Amino acid sequence: MSQSKLVIAVILLLAGAALIAWRYRDTPSPESRYRLAAVERGDIRQTVSANGTLNPVVLVNVGTQVSGTVQRLYADFNDRVTAGQVLAELDPSLFQAQLAQSRANIANAQAALKLAQANEKRVRALYGQDYVARAELDQAEQALGAARAQLALAEAQSRRDQTNLRYSVIVSPVSGVVVSRNVDVGQTVAASFQTPTLFSIAQDLRRMQIHTAVAEADVGGVRVGQAVHFSVDAFPERGFQGVVGQIRLNSQVQQNVVTYDVVVDVDNADQTLLPGMTAFVNIVVAERHDVLRVPLPALRYKPSGETAPAGRKPAETRVGEKTVYRLEQDQAVPVALRIGIADGKFAEQTTGPLQAGDKLVVEELQASKREGAPGGSPGGAFRFRMF
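For the sequence shown, numbering that gives the first Met the number 0 assigns the number 0 to the initial residue and increments by one for each residue that follows.
Hints are computed from structural coordinates only; laboratory data are not their basis.
None of the values given here were measured: they were computed from a predicted structure.
Check before you lean on any hint, since a few could be wrong.
Per label pair, the in silico range of CB-to-CB distance [what the hints assert, rightly or not]: (1) Q193 / A151: 26 to 34 Å; (2) A151 / T194: 40 to 48 Å; (3) T350 / A233: 22 to 30 Å; (4) N181 / G83: 32 to 40 Å; (5) S230 / V168: 52 to 60 Å; (6) V168 / L58: 38 to 46 Å; (7) L13 / L364: 29 to 37 Å; (8) V223 / Q270: 24 to 32 Å.
Subject to a maximum C-alpha distance of 16 Å in a straight line, what follows is the list of computed EDC-like cross-link-like pairs (lysine to aspartate or glutamate) [said to hold, decoys possible]: (9) K120 / E140; (10) K358 / E327; (11) K344 / D42; (12) K301 / E320; (13) K344 / E135; (14) K113 / E140; (15) K358 / D329; (16) K358 / D90; (17) K344 / E286; (18) K321 / E347; (19) K301 / E362; (20) K301 / E363; (21) K120 / D137; (22) K301 / E286.
All residues carry an ideal CB built from backbone N, CA and C; glycine is no exception.
Given the sequences, and given the hints that come with them, work out the whole structure.
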C-alpha cells in the first residue's frame, strides 16, 4: 500500500470516528435528561400541624378574700400540698380586734334585750289593769323588737368577723403541686377590687393538656379521639403522644386567620413534661398502610414543549384526576390517576395504572433534541468534502 493511500485511510478512519462522536455527543440518556423518582409501597400519614402550650388539666389559683399583710408562708415552689393544708397566714391583729368588738356588741345587745323584755312585761301587766294606754304597750313591744334585731345584727357581725379571721389563714383547696408563688412575707395584699392570686396549684401533673390554635382551613378534618404526635424543645430527640380531647367552638382571629382551640389530652405519667412548654403538634387526620405512594414532585411536574414526546399528548383527565409522566422506553409518557391522602412527601394512588418501581419524572435536567436531528446539524448528517 502506497503512503498516500495509507494517509487517506487514516483520515477516513478518523473522520468516521469523529462522525460517530458528533452524532451522539448531545444525545443524553433519560437519566441525564430527567430527575426521576420511583413509585413505592408504604404508609402515608396525613397530619395537621399546629403549635401549643402544655398546661395542667386543673390549675387552681389560690387567692385571699381579705386584705392584710403576709405574716407567714408555709409553701414554696414545687411543694406538694394536700387539700386543707395551710399555705400562708395574714397578720390577724385587725381581725381579732374586730371580732372582740363584735362580741362586746353582742353582750351589749343581750343586756338591752333583757331590759326591753322586762319593760314590755311590766307595761303589759299595767295595761291589763288599765293603768296605761294601749300606745304605751305598743312602744314597749316595738322597743323589744328593736332589741332583738340589734342582738341579731351583733351576732351576724360576729360571724362575719370570725369568717374574716378564718380567711386570714390561707389553705389549699385541692391536693397538688405548687407551680407558682406570687407573694413574700411582709407583702400587703388588697382584696378590695380583685382577688389577688397568691399561689397557683396544679392538681395533677400526670395528666396535661395542649391548647393549640388550628386554622379554619384545617379544622374540618380534626375529630375528637384522633391520635396526636408532638415534640418539645426540651427533648428534641424524643416523641410524645396524645389524643384530641376537645374542639372548642369559640373561634379566634390571629393575624387575620380564623383559628379554633383544639385541646389535646396528654398522659404525663413520668412527669417529664412541664407546664408552659411549647409543643409542636401533628394531629393525624388520616392514615393508610401498604399503599402505592406517588412522590409529590411528580404530581407537580409539567413538561416543556420541547421535551414532550413526538406524537404523544397529555392524558385526558377527568375531574379529580392528576397527570404524572412515567418513563417508558426512554420517553416521558403521561399517565392519569386519582390520588387520596397526602403527607409532605407522597400521595396515595387510589385509582390508576402505576405500579411499584415505576419511574416518574419530577424535573427536567436537559432538554432533548428534536427528532431527526440527533447530531444537531441540518438533516442530521455529517458531511465532509475532500480536496
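A quick look at each hint next to the structure:
1. Q193 / A151: 26 to 34 Å: Holds: the Cβ-Cβ distance is about 32 Å, inside 26 to 34 Å.
2. A151 / T194: 40 to 48 Å: Violated - the Cβ-Cβ distance for A151 and T194, about 29 Å, lies outside 40 to 48 Å.
3. T350 / A233: 22 to 30 Å: 45 Å, violated
4. N181 / G83: 32 to 40 Å: 21 Å, violated
5. S230 / V168: 52 to 60 Å: 44 Å, violated
6. V168 / L58: 38 to 46 Å: For L58 against V168, whose Cβ atoms are near 22 Å apart, the range 38 to 46 Å is violated.
7. L13 / L364: 29 to 37 Å: 32 Å, holds
8. V223 / Q270: 24 to 32 Å: Given range 24 to 32 Å: holds, Cβ gap about 26 Å.
9. K120 / E140: Distance ~9 Å between K120 and E140 Cα, so the pair holds.
10. K358 / E327: 8 Å, holds
11. K344 / D42: 11 Å, holds
12. K301 / E320: OK: K301 and E320 at ~15 Å, within 16 Å.
13. K344 / E135: Answer violated: K344 to E135 is near 100 Å, above 16 Å.
14. K113 / E140: 13 Å, holds
15. K358 / D329: Holds. K358 to D329 sits at ~11 Å (cutoff 16 Å).
16. K358 / D90: Measuring from Cα to Cα gives roughly 81 Å; hence the hint is violated.
17. K344 / E286: 14 Å, holds
18. K321 / E347: 12 Å, holds
19. K301 / E362: 8 Å, holds
20. K301 / E363: 9 Å, holds
21. K120 / D137: The hint holds at about 12 Å.
22. K301 / E286: 28 Å, violated
Against the hints set out earlier in the document, violations occur for numbers 2, 3, 4, 5, 6, 13, 16, 22.
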